[in-house]
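Following the hints, complete the assembly by docking chain Y onto the known chain V.
Residue-level listing of the chains:
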Amino acid sequence: MDGMTTPGKTTATRWERLRAHWPALLLPLVAADTLGLFGGTVPMLLVIVTAAMALLAPRESARLTPFALLAYGTYGLFLFHSLSDFESQLVTYGLVEEATGLHAGYVLPQAIAFLAAGVWLLARTGAPGGAAVRRALAQLRGAGGQPKTVPSVLLLPVLFLWEELFSQQIWFGSNPGRVIALLLAIVAVAMVTWLPGPAAALAVAGLVIFGVYGAAAGVWHLWFAHQQIWLWQWTYGAVPVNVRMGALLATIEGLVLAGAGCALAPRLLTWRGDIEMARRAQALTQRVSRLTQTRSDATEVAVAELRRIERDLHDGAQARLVAVGMSLRAAEELMRDNPEAALALVAEARETSSRALDDLRGLVRGIYPPVLADRGLADAVSALALDAPVSVETDITLHGEPPMPVAAAVYFGIAEALTNAVRHSGADTVQIGIGYSGGLLRATVTDDGTGGADASLGTGLAGVERRLATFDGILAVNSPPGGPTIIVLELPCALSGQDHGRQERASWQAIT
Amino acid sequence: MRVVIGEDLFLLRDGLVRLLEAHGFEVVAAVGSAPELLKALTELKPDVGIVDVRLPPTFTDDGLRVAIEARRACPGLPLLVLSQYVEQLYARELLADQRGGLGYLLKDRVFSDAAFADAVRAVAAGGTVLDPEVVSRLITKRARSGSLAALTPREREVLSLMAEGRSNAAIAAKLFITEKAVSRHAAGIFANLGLAQSEDDNRRVLAVLAYLNS
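Just so you know, the protein sequences line up as chains V and Y, in that order.
Just so we're aligned, residue 1 is where the first sequence starts under this note's numbering, counting upward by one.
Just so we're aligned, residue 1001 is where the second sequence starts under this note's numbering, counting upward by one.
It should be emphasised that the hints constitute simulated quantities derived from the structure, not laboratory data.
Treat the hints loosely; a few may be bogus.
[To be verified] From chain V, some residues computed to sit far from chain Y (all C-beta separations above 10 Å):
1. A190
2. S353
3. G482
[As the list claims (entries may be wrong)] Simulated restraints, written as ranges between beta carbons of each label pair:
4. R1092(Y) x S496(V): 19 to 29 Å
5. A1169(Y) x S437(V): 50 to 60 Å
6. L291(V) x L1009(Y): 38 to 48 Å
7. D1113(Y) x D454(V): 27 to 37 Å
8. D315(V) x E1179(Y): 21 to 31 Å
9. P1075(Y) x D472(V): 47 to 57 Å
10. A1169(Y) x E300(V): 55 to 65 Å
11. P1075(Y) x L291(V): 13 to 23 Å
The C-beta atom is built at its ideal place from N, Cα and C for all residues, glycine as well.
Same shape as in the complex, but just chain V:
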């Protein structure tokens, strides 16, 4: 039984793997095509080897396929050149069977198709270099708000196209022509590198001009010149223009190129117009993603805070008030028969209500400390320093008051740092400094304890960090083992011109 099921299983998985890595199947196909090109035993062996590879190692074969296609496409280009140079030979390339120089034009589109398929597969499969191709394609589409440099790269294929379109006979057939072509290529690469804007403009203009030229040439031949006898072959793109079929193809080709140029032109205008815009778009994208992150953090923090308050109320004040109610109810019943016991219950109720108030006070301090509400950040931190069980020195210079949410975030950040210093560092003295300059509010908490604090451990400082992030603020912890610990909170904000509450104070003092 085992002997039968196991092979079945492996065939199934092999089939699935082959399906997952289907480009592997193209490899023997390409090899088979070379059979018609070269003939002989070597291509035959190649077909067998690649077929075996596709079956045995589909993943690796699939990775090889794009490169095989690229190589075969490149070979097609060379083939096209040698054919159009009137080298009389019969070739088979792709769908073209035993073509002569006259049919050279039909080789080129196939070569380009092979190249395009190679690039496409390179982007799709995990082949080496695939990521770079993917990135380039994404940029070509204008993704990520940074398309500036990419359209300029188009100049290279357009230049190549240009040389191909006009073939060698007219301009570049001679050796000096080849030198010029090489020089042009160098200039193009230089432009792409240092003048991406003009390069992109040139590329798009080239597409439009060559397209219009090709379409015009084709139409002209179709309608006016098809009777003429030509001494030399006039090629445009892949096709000889002075053949009726070729003229038709040239017209189509030209229209496609001109269309592509026109389609790219508006995008180019946007690209060309503003490097600044692209940079801002990128900055905005980053800003938006950061805001999204901090907003969701802030929401989470707020929800967690509300849940904590709810729990504290439920377990504390609320429960105690229930107890007060029950005591009073019991006292009510005992009042007539056992006044003494009733009195004891009332006293108990009073005690419990006092505890409920204690709970509420603690809760209020945790939500928005009263001194912060009354006096603002500076006095609230001073009050914090006074209440701390260790000696705390404060150095606060604030000419004005930050907005309330910012003040609360900084206050709780300092409170957390102070609590850590007291609880974990064994510090004797803590220094708190608050200052404001250049639009930045900066608070430092320094202790002379044992150090080793880490914002990534524990929830306290991490929570402060998240709370500050909502205001684009940062938390920096410098706490080498052995101390001292320096915690810095920094966040951008505007200070209101006046001290907290001074305006209101002035107004009611004026009344009296």
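For chain Y alone, kept in the frame of chain V given last:
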């Protein structure tokens, strides 16, 4: 004894009026905002004023500022400041003029009305009454860093009870010692803090202040 009350919540104001009248005080004015309170305190010059920290118009620390302002206008005007929470910062500001006749208590303390009436009388008599919560937080702090280190533990205990506004008799009862022993401890405290012989009450205030500022 004439009392002025500044409290914005009607229920509490009403309750305070009834409580104080039940204990034989005469409430000459009960107002609900800071400007009215300042006016009542400075014009009526009561034997003692009862001031809520959070008052209109700004609902922040208006009452506290009224208290400081009124004592600047009428030095030594006895005031008992009430609040839902107590802050050392505010206690220091209230005591900054180094005069007695000042109390700073949690509002909850009105629950035990007899003790509350005692506190009002103590303030009216020029004593200093700090809420046990302020005092207990001071003790936790002093336990670690001690500029009052020269005091014995017993003396520190006596000092904290003094800060709560208790008389020598009350301290004696609380600590199960004789009143004489309390006086001896008090003398020790004053000597250690370098407070010269003067009126006993004022020295008590200064001792509490030293305690706050240590």
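Results for each hint:
no., hint, verdict
1, A190, "69 Å, holds"
2, S353, "7 Å, violated"
3, G482, "21 Å, holds"
4, R1092(Y) x S496(V): 19 to 29 Å, "26 Å, holds"
5, A1169(Y) x S437(V): 50 to 60 Å, "57 Å, holds"
6, L291(V) x L1009(Y): 38 to 48 Å, "42 Å, holds"
7, D1113(Y) x D454(V): 27 to 37 Å, "52 Å, violated"
8, D315(V) x E1179(Y): 21 to 31 Å, "44 Å, violated"
9, P1075(Y) x D472(V): 47 to 57 Å, "50 Å, holds"
10, A1169(Y) x E300(V): 55 to 65 Å, "57 Å, holds"
11, P1075(Y) x L291(V): 13 to 23 Å, "56 Å, violated"
Consistency with the previously given hints fails for numbers 2, 7, 8, 11, ordered from lowest to highest.
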